[in-house]
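**Student:** So the chains spell out like this:
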Amino acid sequence: MKLYELNNDLNLSTHAAASFTRGELAKALRKGPYQTNLLMAGYDANTGPSLYFIDYLASLAKVDFGAQGYAANFVLSVFDREWTPDMTEQQALEVIKKCIHELHTRFLISQPVFVIKVVDENGTRTVTL
Amino acid sequence: MSRRYDQSTTTFSPEGRLHQVEYAIEAINNAGTCVGLQSSEGIVLAAEKRTVSKLLAPSKTSEKTYTVDDHISCLVAGLTADANILIHQARLASQRYMYNYQEIMPVEQAVKSVCNYKQAYTQFGGLRPFGVAFVFAGWDEHYGFQLYQSDPSGNYSGWKATVIGQNNQAGKSILKTDYVENSSIDINLKLSVKVLLKTLDSASPSPDRIELSVLRRGEDGKITHTMLSDPEVQFLIDEIQREIELERKQTEAASGDM
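Chains as they are written, first to last, in the working numbering: chain A, 25 to 153; chain B, 116 to 373.
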């Protein structure tokens with residue numbers, strides 16, 4: 025992505041970055057697959073924030089909310105109930121808090137520490153709940 | 116003295132010049148004139164066709180105006196056979212970009228890729244350079260409508276209005292005085308015909324010598340590239356000729372009053 029930026033004096037849009045990444049996964053799929061799932065989040069000045077779900081088989085889907093790994097089994101239902109299209113950042117962080125609580129309560133594996141990132145017009149930053 | 120250094124494209128002369136590349140650029144100066152004008156809502160492209168004959172079969176393809184992609188078109192000046200190769204490369208690059216990024220290729224990147232391809236022939240392989248210059252016109256969401264010019268050396272530059280090919284100096288001087296930024300497509304259509312009428316090497320302009328087209332963006336965001344029909348071109352030619360006649364009479368009358 026940085027190479028693109030340097031060569032072309034332009035930022036790749038989130039959609040383009042996600043498509044490119046999915047393409048790379050797809051190319052490697054029948055040679056030496058990348059065994060990795062992704063959630064790609066970006067902010068574009070003209071279209072706002074967007075989230076893309078990419079899995080190790082190179083599926084690509086634009087989603088309002090997503091989860092990878094075992095967490096998905098627990099957390100997607102929380103999102104289904106709580107997510108609204110016009111949520112603020114604070115409201116979203118509240119939902120994240122609920123998800124973490126759900127995992128601490130119901131998930132077999134103890135994961136005490138979560139790193140939380142926010143992506144907006146100013147870039148990426150880490151937040152603590 | 117420079118004769119010894121101009122046989123191979125990939126050799127510098129003692130003065131640090133690539134003669135073959137310069138000769139290629141010279142070849143363009145005898146080619147049919149091409150004009151590109153950036154307007155407020157699109158780009159006007161105009162070109163003079165060289166081969167005009169009653170015996171020519173009316174073809175679907177044109178010798179001057181080409182589509183690279185839905186959002187990029189170009190005019191060709193120079194060796195048409197060379198141009199076909201480069202346009203194919205440009206089309207491939209545009210589709211490859213769409214395949215990888217699922218978005219239209221930004222215009223400057225398309226131009227750059229053609230130019231990098233041209234440059235390779237000035238540095239390795241021992242093959243001659245392409246004898247083609249282009250006027251590229253396109254739209255993308257980053258910079259809107261853009262106009263670029265490129266030559267056999269692989270250099271390119273962005274323009275608001277440009278002329279390449281025969282009599283381009285005369286054309287450029289007309290543009291320097293008459294071109295107004297952000298004027299409408301209609302005004303620029305007339306201006307492009309005016310430039311072509313001045314640079315045409317024949318005294319009888321007609322629609323079969325002139326290719327006029329407009330690149331514009333519709334309400335729905337779709338880019339369209341439309342060629343003007345013969346009657347539409349004839350209408351513009353007539354208008355411009357009337358205006359030129361009027362100007363001539365006015366300057367005659369003015370100087371007569373001295």
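Since the hints were made in silico from the structure, they are not lab data. Don't take every hint at face value.
[Unchecked claim] Each computed DMTMM-like pair below joins lysine to aspartate or glutamate, with the alpha-carbon atoms no more than 20 Å apart:
hint	chain 1	residue 1	chain 2	residue 2
1	B	K164	B	D185
2	A	K86	B	E218
3	A	K51	B	E218
4	A	K86	A	E48
5	B	K227	A	D33
6	B	K227	A	E48
7	B	K169	B	D345
8	B	K305	B	E334
9	A	K26	B	E223
[Unchecked claim] Partial selection, computed: residues in chain A whose CB lies under 10 Å from chain B:
hint	residue
10	L34
11	G72
12	S74
Here a beta-carbon is modelled for each residue, glycine too, at the ideal position from N, C-alpha and C.
**Student:** Confirm or reject each hint.
**Tutor:** Hint by hint, here is what the structure shows:
1. The straight-line distance between the Cα atoms of K164/B and D185/B is roughly 23 Å, outside the 20 Å bound, and the hint therefore fails.
2. Restraint check: the Cα-Cα separation between K86/A and E218/B comes to about 15 Å, which is no more than 20 Å; the hinted pair holds.
3. Of the pairs offered as hints, the one joining K51/A and E218/B holds, with about 19 Å between alpha carbons and a cut-off of 20 Å not exceeded.
4. Distance check on the hinted pair: K86/A and E48/A sit about 17 Å apart at the alpha-carbon level, within 20 Å; holds.
5. With a C-alpha separation of about 13 Å, the suggested pair K227/B and D33/A falls inside the 20 Å cut-off, and the hint holds.
6. The hinted pair formed by K227/B and E48/A fails the criterion: a straight-line CA distance of about 24 Å is larger than 20 Å.
7. The suggested pairing of K169/B with D345/B holds, with an alpha-carbon distance near 15 Å, which does not exceed 20 Å.
8. With a C-alpha separation of about 24 Å, the suggested pair K305/B and E334/B falls outside the 20 Å cut-off, and the hint is violated.
9. Annotation: proposed proximity of K26/A to E223/B holds, straight-line Cα distance about 18 Å (limit 20 Å).
10. Satisfaction of the interface hint for L34/A is found here, the shortest Cβ-Cβ separation to chain B being roughly 6 Å, below the 10 Å cut-off.
11. At its closest, the beta carbon of G72/A sits 14 Å from a beta carbon of chain B; the interface hint therefore is violated under the 10 Å criterion.
12. Given the 10 Å rule on beta carbons, the hint for S74/A is violated: about 13 Å separates it from the nearest Cβ of chain B.
Hint violations for this structure: numbers 1, 6, 8, 11 and 12, all remaining hints satisfied.
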